[in-house]
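Take the sequences, apply the hints, and build the full model.
Using this note's numbering, read the sequence shown as starting at 3 and increasing by one per residue.
None of these hints come from the bench; they were simulated from the model. Check the hints yourself; a few may be wrong.
Across the chosen pairs, the derived CB separations fall in these ranges [what the hints assert, rightly or not]:
{"id": "1", "residue 1": "I5", "residue 2": "L163", "range": "49 to 59 Å"}
{"id": "2", "residue 1": "F126", "residue 2": "L62", "range": "24 to 34 Å"}
{"id": "3", "residue 1": "P155", "residue 2": "A11", "range": "22 to 32 Å"}
Restricting the straight-line Cα-Cα distance to at most 30 Å, the calculated cross-link-like pairs of lysine-lysine (BS3-like) are [said to hold, decoys possible]:
{"id": "4", "residue 1": "K78", "residue 2": "K196"}
{"id": "5", "residue 1": "K32", "residue 2": "K204"}
{"id": "6", "residue 1": "K32", "residue 2": "K13"}
{"id": "7", "residue 1": "K200", "residue 2": "K149"}
{"id": "8", "residue 1": "K13", "residue 2": "K106"}
{"id": "9", "residue 1": "K200", "residue 2": "K13"}
Every residue gets a Cβ at the ideal spot worked out from N, C-alpha and C, and that includes glycine.
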Amino acid sequence: MAIYIAREATKLWRKVSAEIAVELQLLFEKWRLLLAGLVFQYIHGLAARGVHYLHRPGPLLQDLGFMALPELGQDKGYLSESVFTFIFISFLLWSFHPFIYHSKRFYTVLLWRRVLAFLVASQFLRIITFYSTQLPGPNYHCREGSKLATLPPPHNALEVLLINFPRGVLFGCGDLIFSSHMIFTLVFVRTYQKYGSKRLIKLLAWLMAIVQSLLIIASRKHYSVDVIVAWYTVNLVVFFVDNKLPEMPDRTNGLSLLPVSSKDKDVKMKEELHKLEKDSKMKDEFHKLLNGNTVDSTDRVLQSIDQPPFIY
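Structure follows, in structure tokens:
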């Protein structure tokens with residue numbers, strides 16, 4: 003038994019090591035785009051922190067979702083955060099499963115490159131939207147009478163740049179249309195829908211996205227419009243951005259690592275064409291040496307067309 007466990011552990015370690023080597027090669031090639039996506043996550047948090055200074059509390063707006071769904075209350079606001087945390091961690095672990103399991107359908111680096119592209123495009127639209135019009139926040143700490151509803155003017159730039167993480171993220175106000183939690187949720191669900199392999203998990207993922215939407219409204223963290231706009235905006239963004247990005251190679255059939263993009267394919271094709279042209283020229287030179295002349299092959303063909311054949 004111990005020998006079997008040791009042998010399997012050795013196989014697993016070899017697989018993980020090989021996968022790390024492949025992913026590191028991709029990371030060295032794509033690190034700029036990945037870093038840009040991560041930096042934009044901070045910019046998005048900074049923008050949400052900035053709009054909090056502009057927020058002014060007021061009476062709640064009329065909302066059909068608030069009328070239809072019972073209010074969970076401030077003590078049950080953790081329910082929506084718990085569902086979101088489960089979705090986030092589940093997707094994170096699944097994205098790294100090729101390091102362990104044999105079902106390799108994608109490269110983790112390339113997957114997160116696409117995910118960050120979807121997030122950045124959606125968050126850019128979100129920043130424009132919530133800075134255009136500031137609505138009175140429906141969350142409990144954003145209502146009239148709360149000390150957190152309006153932030154005092156910052157004493158220095160460092161106070162703004164540090165964004166008071168994580169308290170500033172959990173108790174922000176003003177960044178409403180559209181929901182950031184739904185951006186992450188829908189991007190993760192759409193990505194698994196395309197690259198995942200379990201139909202049951204896909205159905206459960208969409209069900210959890212719906213439950214997450216209802217819990218956000220019932221917790222009064224967002225208006226219904228924030229959630230509804232997120233549903234159609236994020237899906238449209240993922241659809242259009244996904245069509246613009248080069249398709250990831252499917253690893254199910256054991257395809258090689260390269261080429262991994264359309265640019266790499268073009269380079270490889272040019273190399274093949276250059277090789278064919280070189281081989282063709284070498285054949286022409288060989289025929290010239292055999293025939294004892296230096297007439298170009300193209301000229302020889304034209305001469306044979308213009309002049310009638312000799313009769314011996």
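Hints, one by one, checked against the model:
1. In this structure the supplied range 49 to 59 Å holds for I5 paired with L163, their Cβ-Cβ distance being about 57 Å.
2. Remark: the range hint 24 to 34 Å for F126 to L62 is upheld by a beta-carbon distance near 28 Å.
3. For the hinted restraint 22 to 32 Å between P155 and A11, the CB-CB distance of approximately 59 Å leaves it violated.
4. Taking the CA atoms of K78 and K196, the gap is near 33 Å; set against the 30 Å cutoff, the hint is violated.
5. For the hint linking K32 to K204, the alpha-carbon distance of about 28 Å falls within 30 Å, and the restraint holds.
6. Between K32 and K13 the CA atoms are separated by roughly 29 Å; this keeps the pair inside 30 Å, and the hint holds.
7. Straight-line distance between C-alpha atoms of K200 and K149 comes to about 47 Å, which puts the hinted pair past the 30 Å bound.
8. Distance check on the hinted pair: K13 and K106 sit about 16 Å apart at the alpha-carbon level, within 30 Å; holds.
9. Pair hint K200 plus K13 holds up; C-alpha atoms about 25 Å apart against a cutoff of 30 Å.
In this structure, the earlier hints numbered 3, 4 and 7 are contradicted, and the remaining ones agree with it.
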